[in-house]
Amino acid sequence: MSETEVTREGQHGIRPGSQAVSGGSADRRWGRRRRGEQPVVPRAEFTSYYGQPVINAPVWRSPDIPGYLFLGGLAGASSLLGAGAQLTGRPSLARTAKAGAFGAGCLSMAALLHDLGRPARFLHMLRVFKVSSPMNVGSWLLGAYVPATGVAAASALTGRVLRLGAAATAGAALLGPAVAAYTGVLISDTAVPAWHDGYPEMPFVFAGSAATAAAGLGLLAAPPRENAPARNLGLFGACLELAGSHRMTQRIGMVAEPYHCGRAGMYMKAGEALTVLGMAGALAARRGRAVGALSGAALLAASAATRWGVFHAGLASAGDPRYTVAPQRERLRRRLPATAAEAPR
Amino acid sequence: MDAHSTYGPETKERVGFFTDTSVCIGCKACEVACKEWNHVPEDGLNLTGMSYDNTVGLGADTWRHVAFIEQPAGGHPPRTPHSDGDVRWLMSSDVCKHCTHAACLDVCPTGSLFRTEFGTVVVQEDICNGCGYCIPACPYGVIDQREGDGRAWKCTLCYDRIGTGLEPACAKACPTDSIQFGPLDELRERAAGRLSQLHEAGVAEARLYGEDPGDGVGGDGAFFLLLDEPEIYGLPPDPVVTTRDLPAMWRRAGIAAAALAAGAIAAFAAARGR
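Taken in sequence, the protein lines are chains A and B.
If you want our numbering, it's the 1-based position in the first sequence plus 1052.
If you want our numbering, it's the 1-based position in the second sequence plus 150.
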């Protein structure tokens, strides 16, 4: 290497080592996909490096992050329920929903903070504003939203500062849907196959799950005579969530496998079953407090199960190189139908 | 426009790595030099059974990773590496790709990850709060969280060395010039020349990986010459920066949020009088 002069501009001089021809004609047998030996059907086998994942799996932990997704949704949709209840003269439902929104909002912030590798640096989230980072956008969103829910809840529970409370209720109701839906972008904006590929439906699944959760809280804690809107919202949320996740898993092909098997599959199935049970119970027992409350608890659990299911499906898809490599191979094959299987490209 | 041209007059020529795996001898001098120069901590001394690879993959504490692939000849089951003739041994030193469109940098909520005046991507460790978003965002599985530290770490392309005119530690230590450092344009030319040299010599399976500015990440600042499909080396065959779809994601989220608000209004409208 003494001939090689190395500077930041690169290397100059003779580089005998790097000119070495590896293999060469003796190794021609290794060019295994040459013309004339093309199989008619593209290779179905899947190759990887000792089965190691291609991408690094999220270091996000359970219950922090799935809990964050669940609580953010519960809060956001509860703010809508709280504002509607106030406008239509349902004070108990309004108090329940507003207190729920504040509590869930605080807990979701705490979950996010707890998951940080350096929690003391949480406020670094707010040193920039970056639309290319959903987590940054979410931090700003929560920074405005959670205080608004706090004022709204305090006003509703104490009966004081009613005008400020109404303004905060309106603000929280405006920001609530964004808080509920943005988490779908948060997880989709990654290289995790089961999350990224599901990006068109993910915000709908999460918005639906949010509505289900808020309806569940309303049914659980507010008196039946004020609960008709919560039942309706639950029905809407259940339909949106089930239709969204069905469409997503149908569309994304083999990448949907993690949603159907293992721990994620268990959570997703539990979510679906609890959603159906909870809605059936809520619709059947319109006046029964006990059955209504039980149905509400089922809907809350359904929403949480869906979030945990989506979370674990992502982890499972990140851990198996098949879900990263096979769709990319397929994409290449479609883009270059004549030459994709041929080396060199 | 190059992302780093925002530096104005301070913009430097974009630099990177060309890793020519056809001359890699698997000595791991790059791994060692990187660890020593960058004070990357020890992260376990284990035997993995993956040929001579005991570092498994890139991560917070492995910024250069040499992959070893033993391929059997003519359908024989793989034998020991010493039974010559029967095994083709591929070696490749993997590293952060310093993507033109870097997902880790895009999704970083604190601005800790930034684009340097050399066009490389670097983590500012005094800013990183360990949110972990960059880790699943990277399509190559490069960056990771350091245990006991909480922050995200990866190759800096020796930002401290290149600023003073030195080449990165791994390239400096590489005894076969498998790792070549320099201005990206020059490296691309050199790689094209090397590729045609190999093709003329009958190594038909040689191909470049990550050199194309038209690929899903806008081309890699650190690209490779490989002797087999990328996934054999643990590399994604067609990586795409996740934020390419982000405008569509925000639109979908906007519609979903509006649908939720509309659903809530409808829920109250349908409940009137009840």
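It is worth saying that the hints were derived from the structure and are not from the lab.
It should be emphasised that the depicted structure is a prediction, and the values quoted were computed from it without experimental measurement.
Glycine included, each C-beta is placed from N, C-alpha and C at the ideal position.
A few of these clues could be false.
To be clear about the criterion: a stretch of chain B counts as covered by chain A if any three or more of its residues have a C-beta under 8 Å from a C-beta of chain A, and this derived list gives those stretches [stated by the list, open to error]:
| hint | stretch |
| --- | --- |
| 1 | 182-194 |
| 2 | 242-250 |
On the chain A side, residues computed to face chain B include the following (Cβ under 8 Å) [stated by the list, open to error]:
| hint | residue |
| --- | --- |
| 3 | V1180 |
| 4 | A1230 |
| 5 | A1232 |
| 6 | M1318 |
| 7 | R1381 |
Going down the list of hints, with the structure as the test:
1. Only residues whose beta carbon comes within less than 8 Å of a beta carbon in chain A count, and the stretch 182-194 of chain B has 0; fewer than three means the coverage is violated.
2. Coverage of the stretch 242-250 of chain B by chain A is violated [criterion: at least 3 residues with CB-CB distance below 8 Å; count 0].
3. Hint status for V1180 (chain A): holds, given a least beta-carbon distance of 4 Å to chain B, under 8 Å.
4. The interface hint given for A1230 (chain A) is met, as the beta carbon of that residue sits about 5 Å from the closest beta carbon of chain B, less than 8 Å.
5. The closest approach between the C-beta of A1232 (chain A) and any C-beta of chain B is roughly 6 Å, which is under the 8 Å cut-off, so the hint is satisfied.
6. Residue-level restraint check for M1318 (chain A) is violated (minimum Cβ-Cβ distance to chain B is 22 Å; threshold 8 Å).
7. For R1381 (chain A), the suggested interface contact is upheld, since its CB lies about 6 Å from the closest CB of chain B, less than 8 Å.
Going down the numbered hints, you'll see the structure goes against 1, 2 and 6, while the others check out.
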